[in-house]
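Participant: These are the residues of each chain, in order.
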Amino acid sequence: MKKQFMLTLALFTLSFSAYASDAGIELDREKIPTDSASILRGAEHVVNNCVSCHGLKYIKYTDMLALGIEQKTVDGWRGDKPINTRITAGMPAEAAAAAFGGVVPPDLSLMTSARDGGVHYMYSYLMGYTVTDKGMDNKYYPGTRMPDILASASTTDPKLRAEVSTKAKEITAFLNWAADPHAEERKQLGKYVIAYLLLLTVLLYFWKVQIWSKLK
Amino acid sequence: MYKRTLEWIDKRFPLTGFVKHSLVDYPTPRNLSYWWNFGSLAGIALVMQIITGIFLAMHYKADIGMAFDSIQHIMRDVNYGWLLRFIHSSGASAFFAVIYIHMARTLYYGSYRAPRELMWWTGQGLLLLLMATAFMGYLLPWGQMSYWGAAVITNLFRATPFIGDYVVIWLRGDFQVGDATLTRFYALHYLLPFIIVGAVMVHLVALHTVKSSNPSGINLADKDNIPFHPYFTIKDLYGLGVYLIVFSIFVFFMPDTLIESANNIPANPLQTPAHIVPEWYFLPFYAILRSVPDLAGGVVAMALSVMIFAAMPFLDRSKIPGGSRYRPAYRVMFYLFIVNIFVLGYVGAKPVTPGTAMLGQFATVFYFSVFLLLPWISKKEEKYLRDRGLPAEVEELIKDEEIKKTERRQKRDRRHA
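Protein chains in written order, with my numbering: chain H, 3 to 218; chain R, 71 to 487.
Source of the hints: derived by calculation from the structure; they are not laboratory data.
Some hints here could point you the wrong way.
[As the list claims (entries may be wrong)] In silico lysine-lysine, DSS-like type, Cα no more than 25 Å apart, as pairs: (1) H:Lys218 with R:Lys293; (2) R:Lys281 with H:Lys216; (3) H:Lys141 with R:Lys420; (4) R:Lys90 with H:Lys216; (5) R:Lys293 with R:Lys481; (6) R:Lys475 with R:Lys453; (7) R:Lys475 with R:Lys281; (8) R:Lys475 with R:Lys389; (9) R:Lys481 with H:Lys218; (10) R:Lys481 with R:Lys281; (11) H:Lys33 with H:Lys193; (12) H:Lys74 with H:Lys169; (13) H:Lys161 with H:Lys33; (14) H:Lys161 with H:Lys189; (15) R:Lys453 with R:Lys474; (16) R:Lys389 with R:Lys474; (17) H:Lys216 with R:Lys481; (18) H:Lys62 with H:Lys83; (19) R:Lys389 with H:Lys218; (20) R:Lys131 with H:Lys62; (21) R:Lys453 with R:Lys389; (22) H:Lys59 with R:Lys131; (23) R:Lys469 with R:Lys389; (24) R:Lys90 with R:Lys73; (25) H:Lys59 with H:Lys169; (26) R:Lys475 with R:Lys293; (27) H:Lys59 with H:Lys74.
Just need the whole structure built from these sequences, with the hints factored in.
Facilitator: Dropping the structure here:
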């Protein structure tokens, strides 16, 4: 009985592999930092490099302040817009579409959740530009209209490449935060919840054994 | 004070009597295993979904221009909105996991057999209501997968003879899935769980009439029953603790494993996702749907695959009591059926290729064969077991059943005479 249960459980767990991304090409699974300093640097990279074309509509400037960006920096970013405005792309949609062959750059607020591979996809994509005979293209999204904003394809010097890689990781770290700002809080709370439930369940088990021992 | 209040109520409402008869003294077989915990877990899952659902409904907006944004508002701005959302989305998966295990227990131990057929059929109705509720709930986030999943499945009603096209428009409220569909799915998604609560009560009334079956599959003597409280109240509480631990691991550490990445993209009627996949709990039925190349045929096969469970009390023709305990052939069929369900689930998740299509067709044929062969196999197995000689306790209990049946018949005849 126990053996069959284990087999069923194993099969059930294995069946989740059906959800593995079927991307033909292997993602670059570098570790993406989760510390707050990287996220803050990532915020600056994103606002300085990405927001010219991409929106970040589920993040307000107040959220940036709460994250820990300095008031001065946030004020510089928002200009004369009120502090609780959502961050929108610098380029209006029609101009962007015209510039990028009819494609409007997608909003980045949920991008790390919206792609199979998550943060690994995002990092691989940013570093995945290559020079082909038809021009610039991306290994992970062939036919992309986005230019190589971090100059990852043209940077060959290892030291400079390491800097580009760090920049890409920090951008990914920030966008990962932006997709789920409560992730850290959730995991912290989760530890306490599970600890409490473990203690409760162990006590309930002993209570159950004690009550059932009264049975003839 | 407390005692006087209860006495006041008892003169006007059968409160203490009901609690004592149905929850405390209620006779339960002493040999129930942990597989019997899943009924109460299903009830708890239902309550959790309703409570989180109601609080989510306070912030959700069922308008195609606002739905996706309102979910982000819940996730980011509403205090512990992220927790409500993840409990609700993980809770749907947990609910189905519990229900499927509950059904598997019923099939394995033969708890659908007489006199528990109505329990099985009310359970069947509950499964259909749950599937409808989950399907409609999935549209509400208005993501890419929400929209396209709803578009594909509502389109299936085109298979209705003669009036198919009109049925689809009537269902959607418009020519395509849109604001009208979202609004009505929201209304029904809020309503159906309360219908489910009513159906659960019917299910429990049926249970209390025939009482629980047990792992041997044979009705035990009255001396082998023990009061529900405290033995099974504490056992259910302990099982609930284990369930909540597993559930919390999903809610707090892996909530997005159960959310398709494409559903984090707002619905776009002009862009079909690369792979349209339903949630995991629908995958086997989705695989069966796709296995038949014809639309109407696929719809019939899928509907049949859910409904055929209802026929189990008639398909099982063995006189050997119970389920798998004393019936090795039935047990093997059960295990093969379960493995086949996982194969179908795998096929349902994968895009259609010649390989997966063939595997899906084979698995679909196997799925229905298990049911269709059961009458023949169960009779053959009974003959084989009787020839070999049944174990003593089974012989005795079959004899007891026969004696009890004859007694009941005599009592009935005397009353009518």
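Participant: Decide, hint by hint, whether the structure agrees.
Facilitator: Quick rundown of the hints versus the structure:
1. Between H:Lys218 and R:Lys293 the CA atoms are separated by roughly 11 Å; this keeps the pair inside 25 Å, and the hint holds.
2. Restraint check for R:Lys281 and H:Lys216: the C-alpha separation of about 23 Å stays at or below 25 Å, so the hint holds.
3. Between the alpha carbons of H:Lys141 and R:Lys420 the distance comes to roughly 24 Å, so the proposed pair stays at or under 25 Å and holds.
4. Pair hint R:Lys90 plus H:Lys216 holds up; C-alpha atoms about 21 Å apart against a cutoff of 25 Å.
5. The straight-line distance between the Cα atoms of R:Lys293 and R:Lys481 is roughly 23 Å, inside the 25 Å bound, and the hint therefore holds.
6. The straight-line distance between the Cα atoms of R:Lys475 and R:Lys453 is roughly 22 Å, inside the 25 Å bound, and the hint therefore holds.
7. Taking the CA atoms of R:Lys475 and R:Lys281, the gap is about 17 Å. The hint holds against a cut of 25 Å.
8. Taken as a hint, the R:Lys475 and R:Lys389 pair is honoured in the structure, with Cα atoms around 14 Å apart against an allowance of 25 Å.
9. At most 25 Å may separate the alpha-carbon atoms for a hinted pair to count; R:Lys481 and H:Lys218 exceed this at roughly 34 Å.
10. For the suggested pair R:Lys481 and R:Lys281, the alpha carbons sit about 22 Å apart, so the restraint of at most 25 Å is met.
11. As the CA atoms of H:Lys33 and H:Lys193 are separated by approximately 23 Å, the hinted pair is consistent with the 25 Å bound.
12. In summary, the hint linking H:Lys74 to H:Lys169 is supported, as the alpha carbons are separated by about 22 Å, within the 25 Å threshold.
13. The hinted pair formed by H:Lys161 and H:Lys33 meets the criterion: a straight-line CA distance of about 18 Å does not exceed 25 Å.
14. A distance of roughly 35 Å separates the Cα atoms of H:Lys161 and H:Lys189; the hinted pair therefore is violated under the 25 Å criterion.
15. In summary, the hint linking R:Lys453 to R:Lys474 is supported, as the alpha carbons are separated by about 23 Å, within the 25 Å threshold.
16. Our distance criterion of 25 Å between C-alpha atoms is met by R:Lys389 and R:Lys474, whose separation comes to about 15 Å.
17. This hinted pair does not check out: H:Lys216 and R:Lys481 have alpha carbons roughly 38 Å apart, beyond 25 Å.
18. Only pairs whose Cα atoms come within 25 Å are accepted, and H:Lys62 paired with H:Lys83 is accepted, the gap being roughly 11 Å.
19. For the hint linking R:Lys389 to H:Lys218, the alpha-carbon distance of about 32 Å lies beyond 25 Å, and the restraint is violated.
20. Simply put, R:Lys131 and H:Lys62 have alpha-carbon atoms about 20 Å apart, close enough for the 25 Å limit, and the pair holds.
21. Pair hint R:Lys453 plus R:Lys389 holds up; C-alpha atoms about 10 Å apart against a cutoff of 25 Å.
22. For the given pair, H:Lys59 sits about 18 Å from R:Lys131 by alpha-carbon distance, which is consistent with the 25 Å threshold.
23. Note on R:Lys469 and R:Lys389: the hinted pairing holds, with a Cα-Cα distance of about 12 Å set against a maximum of 25 Å.
24. With a CA separation close to 15 Å, the supplied pair R:Lys90 and R:Lys73 stays within the 25 Å bound.
25. Of the pairs offered as hints, the one joining H:Lys59 and H:Lys169 holds, with about 22 Å between alpha carbons and a cut-off of 25 Å not exceeded.
26. With a C-alpha separation of about 19 Å, the suggested pair R:Lys475 and R:Lys293 falls inside the 25 Å cut-off, and the hint holds.
27. For the given pair, H:Lys59 sits about 21 Å from H:Lys74 by alpha-carbon distance, which is consistent with the 25 Å threshold.
Consistency note: the structure conflicts with the earlier hints numbered 9, 14, 17 and 19.
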